[in-house]
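Asks: Here are the chains, one letter per residue:
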Amino acid sequence: MSSVFGRMLRHEWRMLTADRTVWLVSIIFGLLILYAVGNGVSWVRSQEVVLDSVEADGSRRLAQLTRALDSIPADAPPPAAFGRDPRSPGSVGNFDGAQFATLRPQALAPLAVGQTDLLPQYLRVTMRSKLTLAAAQELENPSNLLEGRFDLAFVVVYLFPLFILALGFNLLAAEREGGTLGMVAAQPVSLAAHLGAKVVVRGGFMLGLAMVATLVGLLLNGALPGMPPGKLALWFLVLAAYGAFWFAVAVVVNAVPRSSAANATILAGVWLLLVVVVPAVAGTLVNTLHPMPSRVELIGAMRTASNDASARGAQLLAKVYGDHLDLAPSGAMTSADFMSRTYAVQEEVDRQLAPLADRFDAQLDRQHVLAARYQLASPALVASFAFADLAGTGPTRYRHWREKVASYHEAWQQFFIPRAFRHEWLDASAYPAIPRFSYGDESRSEVLRRVGIALVVLLLPTVLLAGYSVRRLKRYQVAV
Amino acid sequence: MLEAINLTKSYNGTVALHPLTLTVRPGEIFCLLGANGAGKTTTINLFLNFVEPSGGVARIDGIVASERPLETKRLLAYIPEQVTLYRHLSGLENLEYFSVLGGQSRYSEAELLGFLDHVGLDAAAARRRVGSYSKGMRQKVGIAIAIAKKAKALLLDEPTSGLDPKASNEFSTLLGLLSDQGVAVLMATHDLFRAKESGHRLGIMKQGRLVSTVAANEIGHADLEQLYLQHMRD
Amino acid sequence: MIGAIVRKEIREIARDGRFRVAAITVLVLLVAALAVGWRAAASAHAERDAAANLARSHWVNQPAKNPHSAAHYGVYAFKPKTPLSFVDDGVDPYTGVLAYLEAHVQNDFTHRPAADGTALSRFGALTAAGVLQVLVPLLIVVLAAGTIAGEREQGTLRQLLSVGVRSRDLAIGKMLGLGGALMLLLIPATIIGVAALLVGTDGSGSGSRFLLLAAVYLGYFIVWIALSFAVSAWAPSTRAALICLLGLWMVNSLLAPRAATDLVRRLHPTPTALEFQRVMAAEQQADSTGRTYAQYQEAFQREVLSRYRVDSVADLPVNFAGLSLDASERWSDAVFDRNYGRLWATYVRQDQARSLFGFAFPFVAVRALSQGLAGTDFYHHREFATAAEQYRRHLVRVMNDDLAEHGKTAGFQYMGDHALWSSVEPFEYQTPEVGFVMAHHGRDLAALGGWLVLGLGLALVGARRVRV
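Residue numbers (this note's numbering), protein chains in the order written: chain A, 36 to 515; chain P, 208 to 441; chain H, -6 to 461.
Read the hints as simulated data drawn from the structure, not as lab findings.
Model, not experiment: these values are computed from the prediction.
Since no wrong hints were added, every one of them can be taken at face value.
Computed, partial: chain P to chain A, Cβ under 10 Å: (1) Leu277; (2) Leu296; (3) Leu362.
DSS-like mimics (lysine-lysine), calculated; alpha carbons at most 30 Å apart, straight line: (4) Lys357/P to Lys342/P; (5) Lys413/P to Lys342/P; (6) Lys403/P to Lys359/P; (7) Lys359/P to Lys509/A; (8) Lys373/P to Lys342/P; (9) Lys413/P to Lys403/P; (10) Lys354/A to Lys58/H; (11) Lys357/P to Lys509/A; (12) Lys58/H to Lys165/A; (13) Lys373/P to Lys359/P; (14) Lys403/P to Lys342/P; (15) Lys401/H to Lys58/H.
Ideal placement from N, C-alpha and C gives every residue a C-beta, glycine not left out.
Chain A with its partners taken away, still in its complex shape (with noise of 0.2 Å):
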């Protein structure tokens, strides 16, 4: 039998490749691989140049800065309030000296953008309210971001789906228009066995048009040296899983007889169900049901807390120093005093709109819980979040980037808000403690947990509909 098989394969490779229309749909499945990939690795270089600007600019800052406070004088004045000065905490924490944090594109990058067009990828950090860094974007036309990327995620997630069901929404359709079907069906093979070997073959064909067609394509790109095998290997797992499952449903189709143009109505729509309405109703359902606290309200919120907060400026500042007598500045009140208020009013604002933030931070969590759930619901959006994962572009990575960002950012308040409040100068001996930010990525086991689970939730309704179709075969009429 398996070399009955073996010839069956054989045999549907020859009228695979006979066949010219299957010929032009792989030609240009493979153009449009090639132009993604290669928009993908040209849009991760662009991302990387301005990247290490970002950083180039941070280190030549401080480089500039330590170079100032070399050429001042030991006996020069203190600094003036609000003067740009290297040894003051607030000229160098708030404008010179501010430092960005960057999150660098991992080696996959180039196959799923992801939200990095929309999400900004350096945050500036300054002594400033860590509100203000929900302030921050990259520029762009909105209508391009309405439209997103045309990157290999976007091919493998909407049109591979369709190429397959080109291929496969007639498997044994077309054998009944064209009469071939009562002939094979008087032999003794079962009619899942032809059927399986039709969808190996086409698979197989399909799945390798994709992987040669990418990694020729970051061959053409310069990219494919930096790859990761590993990481690479389980996006052609996941390339696979979700193409197996759409074989599976072109099969359990062909499992009933019916014309191919109903079959193909059929595909059509479970395609525009899974792919568009599904993901739509999901993204819509999280944001009706759960929706976030709005950004509007909470900008009014901090205008009311800073409000009645500089009203009491002075009494702040005195209760900083009355908490904290560490704090207090030796010597007489000077200018830099309205500096220190500033800062009192900033803490006592980021104080009452704590709850606010803290409820806002907590919605945002609840929402991507529930997006993470709600992804169960087609396999596109599972696909599309474990390529996202794979390539580092997705949300889990950026959220948690964003909780590092906010700790080097307390960090940051933390070295010079106090040393602001103290009148202490920043002098050679505090300029290397500094905090620098360094991302240590995502633990590695994190993200082939969330694939692993991602490949396991495509497969199990593969199985489930290729089981159903074979016991569904056993029943095919043949004639009607």
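Fit chains P and H to the given chain A structure using the hints.
Replies: Frame of chain A, contents of chains P and H only:
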């Protein structure tokens, strides 16, 4: 070899085949005659398990078709009204593929060409793509497939309709050869003349019933036509 | 004759089980999208109204302070939701919802709703526009693929042609029939849309926009009906017609827009925020002629002194700080005008280049028109951002003028009061008239019109070629 015992089939309450009991012995050619929709094709489809019986059984060499279809199909060969083959493949390649599917995977190319030559397709024709074949040539490949499969029973559904008299005659001759080798043949046909010429027994079907069975050598051409028309009128 | 064909088509389609399932699904999605969109728009509207009122009260209730401090304190501008945004929220999720209007700086609109959303949001939200642009054409395609090819396969075409139907009548009848069946679905949806608009917070003045929106979608559906008819007449089988139309549909609504966007971005690259800020910072230091800001201020001082015919700042009858601040605003305003002007011109070039694709893919044209009419395209955003910036300049100027006029003796110790704050009227913004949309979307309108002519032409040619 071919046995139908109280075999029935109905579609959504419409009876297509009333209980049919019929036996075709090895070497016998049994022709089913009747108008369109008389139940001839249904009978053949039931032996092939292309449709599930509503009642009764169809047996091939004692094995029930609906229970172990893969085993019974090993014993059967089938030639439909239109032998449809893979257009992109040659006659030879089609024969080879169907032989493999039929469980005969050890034929050499010479042997396969031999089968085709036997049914009247020379090597040049055998290597051409089926897309260019006439209907007669395709029917011949169909017989070659049946011969190569070493089937014990042959099911034919209007195999000669649309063939010119010469091709039709050649077809009958081939059928005779198979029957001489002990193959049981069940053939549905409209062609009274051809049935009388090549069949051993003739059954007339009407509205899903086998209404009459006669031995071919016990009836003349004119009487057969008379009998047929009489049944059609009632 | 045509009437009979139309009646037969509608009857046949309405009895088709597939149509019922598909039509009910689409209708449910459409109604759900309208409801969700209406709710989101209404709550966003209420929220931004409240926020704008709060911002205003923050402004007018400032304690006595130096007017320039007040200008630094500034106000927030909140982008309003347009009445029709519940049909098509366009680029709204991708534009910031608020801008801080303060002295010296033109801030960008920040807090894009999509950036706070989940990764799901990039798959697109369920909007009425999405249903109309993507799902309804698919419904048309599936229903219409067999309109001629199917009759040919069933053999009824033979009958039909044997009785001597004129090809033009056949085409018109079939298309009207398809359109009629579609109306069973679209009329209830339109009524719901009108009701939502009337119940909406402020739908006044949106009537003509709504009518045009309905007309644009109607035109889009006619294009699809005509194309489907033409393909069905020309195709050898229903299957071939269906595959061809599904392919068209997918390229049109899926592949082409993304590819177009990619291309326009390559043609007219968007600068990075870093680059944009760097250029702007450099231009704040010195303008294109090499004149520095310090030189500019010096020249301004000389000019003021000569205007008042005095020798020193101290002799001026006005507070020079106020004048100087005003001059600095004018210097930086020029920088902002140049830079935001360049940036927005890039966006406009991108959008206009994208509109060219509308001539090849009607989806692109319809989407742009729909966003334009709903007031949720980039042009409307720019219009609002410009108005907000004008208001900022006005507010800062009032503060600086007051400082110049009254701060002569007290200098920065001079305090403005409630009367001064209230003298700046609140920020009011009127969504532009329909003419604004037409002025910016001429290309898209031409593309849709072109498609209408082409589609109907193909349908008539196809009808003439109908053979058994």
